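The residues making up each chain are set out below.
There are 2 protein chains.
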Amino acid sequence: MVTLNDIAAKLGISKSTVSKGLNNASDVSEELRQRILETAAELGYSGRRAPKKLCIFIENMGYQDPNQFGYDLVAGFQEMAMSEGWVVDVVPLTEKYQRGTSYQQFMSHRGLRGAFVLGFSLLDPWMEEFRTAPIPTVLYDNCIKENPCMASVSCNNAGGLSAAVRHLYGLGHRRIGLLCGPLESYVLKERYSAYCGALKECGLPVDEDLIGMGYYVAESTRKYLPKLIEAGATAILCSDDSRAVAAYTECYDRRLNIPKDVSILGFDDQPIAAYMTPPLTTVRQDRLALGKCGYYALSCLLNGVAIDSIHLRAPLIVRGSTGPARGQDAVPSTQLKEEPLDAIGM
Amino acid sequence: MVTLNDIAAKLGISKSTVSKGLNNASDVSEELRQRILETAAELGYSGRRAPKKLCIFIENMGYQDPNQFGYDLVAGFQEMAMSEGWVVDVVPLTEKYQRGTSYQQFMSHRGLRGAFVLGFSLLDPWMEEFRTAPIPTVLYDNCIKENPCMASVSCNNAGGLSAAVRHLYGLGHRRIGLLCGPLESYVLKERYSAYCGALKECGLPVDEDLIGMGYYVAESTRKYLPKLIEAGATAILCSDDSRAVAAYTECYDRRLNIPKDVSILGFDDQPIAAYMTPPLTTVRQDRLALGKCGYYALSCLLNGVAIDSIHLRAPLIVRGSTGPARGQDAVPSTQLKEEPLDAIGM
Chain A
1 MVTLNDIAAK
11 LGISKSTVSK
21 GLNNASDVSE
31 ELRQRILETA
41 AELGYSGRRA
51 PKKLCIFIEN
61 MGYQDPNQFG
71 YDLVAGFQEM
81 AMSEGWVVDV
91 VPLTEKYQRG
101 TSYQQFMSHR
111 GLRGAFVLGF
121 SLLDPWMEEF
131 RTAPIPTVLY
141 DNCIKENPCM
151 ASVSCNNAGG
161 LSAAVRHLYG
171 LGHRRIGLLC
181 GPLESYVLKE
191 RYSAYCGALK
201 ECGLPVDEDL
211 IGMGYYVAES
221 TRKYLPKLIE
231 AGATAILCSD
241 DSRAVAAYTE
251 CYDRRLNIPK
261 DVSILGFDDQ
271 PIAAYMTPPL
281 TTVRQDRLAL
291 GKCGYYALSC
301 LLNGVAIDSI
311 HLRAPLIVRG
321 STGPARGQDA
331 VPSTQLKEEP
341 LDAIGM
Chain B
347 MVTLNDIAAK
357 LGISKSTVSK
367 GLNNASDVSE
377 ELRQRILETA
387 AELGYSGRRA
397 PKKLCIFIEN
407 MGYQDPNQFG
417 YDLVAGFQEM
427 AMSEGWVVDV
437 VPLTEKYQRG
447 TSYQQFMSHR
457 GLRGAFVLGF
467 SLLDPWMEEF
477 RTAPIPTVLY
487 DNCIKENPCM
497 ASVSCNNAGG
507 LSAAVRHLYG
517 LGHRRIGLLC
527 GPLESYVLKE
537 RYSAYCGALK
547 ECGLPVDEDL
557 IGMGYYVAES
567 TRKYLPKLIE
577 AGATAILCSD
587 DSRAVAAYTE
597 CYDRRLNIPK
607 DVSILGFDDQ
617 PIAAYMTPPL
627 TTVRQDRLAL
637 GKCGYYALSC
647 LLNGVAIDSI
657 HLRAPLIVRG
667 STGPARGQDA
677 VPSTQLKEEP
687 LDAIGM
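Taken in sequence, the protein lines are chains A and B.
Position 235 (the first sequence) corresponds to 235 in the numbering used here; numbering is contiguous.
Position 311 (the second sequence) corresponds to 657 in the numbering used here; numbering is contiguous.
Treat the hints as calculated values from the structure; they're not laboratory data.
Please read all numbers here as calculations on a predicted model, not as lab measurements.
Just to be clear, a hint being listed does not mean it is correct.
[As the list claims (entries may be wrong)] Only pairs whose alpha carbons sit at most 27 Å apart, straight line, appear in this in silico DSSO-like list of lysine-lysine:
1) K145(A) with K361(B)
2) K491(B) with K145(A)
3) K200(A) with K535(B)
4) K189(A) with K491(B)
[Stated by the list, open to error] If the Cβ cut is set under 10 Å, some of the chain B residues that face chain A in the computed set are:
5) A497
6) S498
7) N502
8) C548
9) L634
10) Y642
11) I653
12) I656
Ideal Cβ positions, reconstructed from N, Cα and C, are used throughout, including at glycine.
Only chain A is shown next, with the shape it has when bound in the complex (with noise of 0.2 Å):
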């Protein structure tokens, strides 16, 4: 069994210095406990103290602010791994820094157990690496089919989007547009085809002139809103709130009555959604719960049982931005008279 003294004889140090090290005493150096966590977990040292780690890796997202779409999903994760004694690191990554180190070797030479993987894009460089790894890792929205140490979580996107789309169909909605981000992102691709398949179910074609996809969130919305409202779309869906935000924008900027004109809907059900004006129909996904169900999954896949997937429902809720369709105007009218709407207050 690997001791303090192997630790210390290794680094050279004393003894007492690798021990305070491990106990995050403030007279040893950042750099020199950092050397000393390293080599504790090259030599595979155990002892009681020797923390059980967890990270959560994090992309694309912001976390820090409750009102970040990250914040919740970490916080979920975190509230059962702690409570079950794992000290859990949170690392923020970029592309860049993948390229730099293998997953294998930032796992290892931190001690970590696991990882929870949180918006990763399908370019990711480290995407590559999990199809192998043997690493337990949980992917939040994203999939790897052939490596059993894999596992993923995310709410059931098909069934939120199918839900929101014969939600529109029962307004009257024959031309519903989408504002998509691109689909370099594994659940963007599950919701845009999650789209065309309930278009398909009520009857309706996919048509191109209905669908703009870009990643810069407000630009896209700028170039293609209007793109829609010309090609006769009365409803749009967003594939996610902040892009229905920026449609809201867009279409206060057009004089376009939300939803007289256009009904707009989101997915996410973030803090905001239930207090923009009016406030927006959209599909929730319960991060916390997430973030649990990701400590959920990692914990099985820790003890041997190869989960593949844990999904969560998607309900859809029904606010004021989604009315009925204005009859089959392909342009926008303000002389067209109110109609009621459909909304089930949340």
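Got chain A sorted already, so can you dock chain B onto it with the hints?
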């Protein structure tokens, strides 16, 4: 708060008899004990000794012997639930019983807070009630889309079937048959459409002459296996291991060598699969883990987390019953030279 006195008053018996009934004392008749328990549940008695109770409903499935399919499903669920202080009733059911008693009645009369449902077909009377019942319920290999109180647990049936078809395709098989139970079952529908989807992915047509379905395993295998062979099948996928056992018997009777004349592939990895001659290539369902996930999903629902589904991986276990396809001969020949097997030992 409801007390023992309230229950006693309602039943017109003494408080000490109520207490004895709740504590399973031997000098209280079973009939009276049931009346006491039901009255306690009806009044909402939650005394220190009133057990937290869950239920496993089981149909079309043995579970009392370790070799039976349901044994580990029940054991995994019970292990997790009991460690958290639940009492778990195991209730075998029939369709007839369901027609006479409603699900909600059954649950409330016995003070049951949630259920794990195994082996139900789509025709079971309670399946209709599940669409609206406000009771936390987890279904194994079934799916109720509309009701947020319901969750599903299953292995990744589509992934397992797809791996099976690709394995056979890689061995040169182009005529891949299917022996399957009837499509009155959600999971068999899922496996059937996964079979069709996987064939299409390999560029193979779905040929009805290569498909045989029937409820009774031995009878339908006897009827369809020769037809499939006549139609040119060089490999036969079975929707479950029991059907593969029946297929072995038919092959033996017809002097067909497995895998030289025909490859046979199962689904489940039941305990017997590894001991068949030759050992059966099959898709594994980890039933103990499925049972544990069943409890986890139920505890999520009981805590207000609207879990939709949990899937486990369904790995293909390659053993001796699958081998290279025998050329393009439609009729098996014992004159074929021996070909090396591609089996990976397990």
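Hints the structure fails to honour
1, 8
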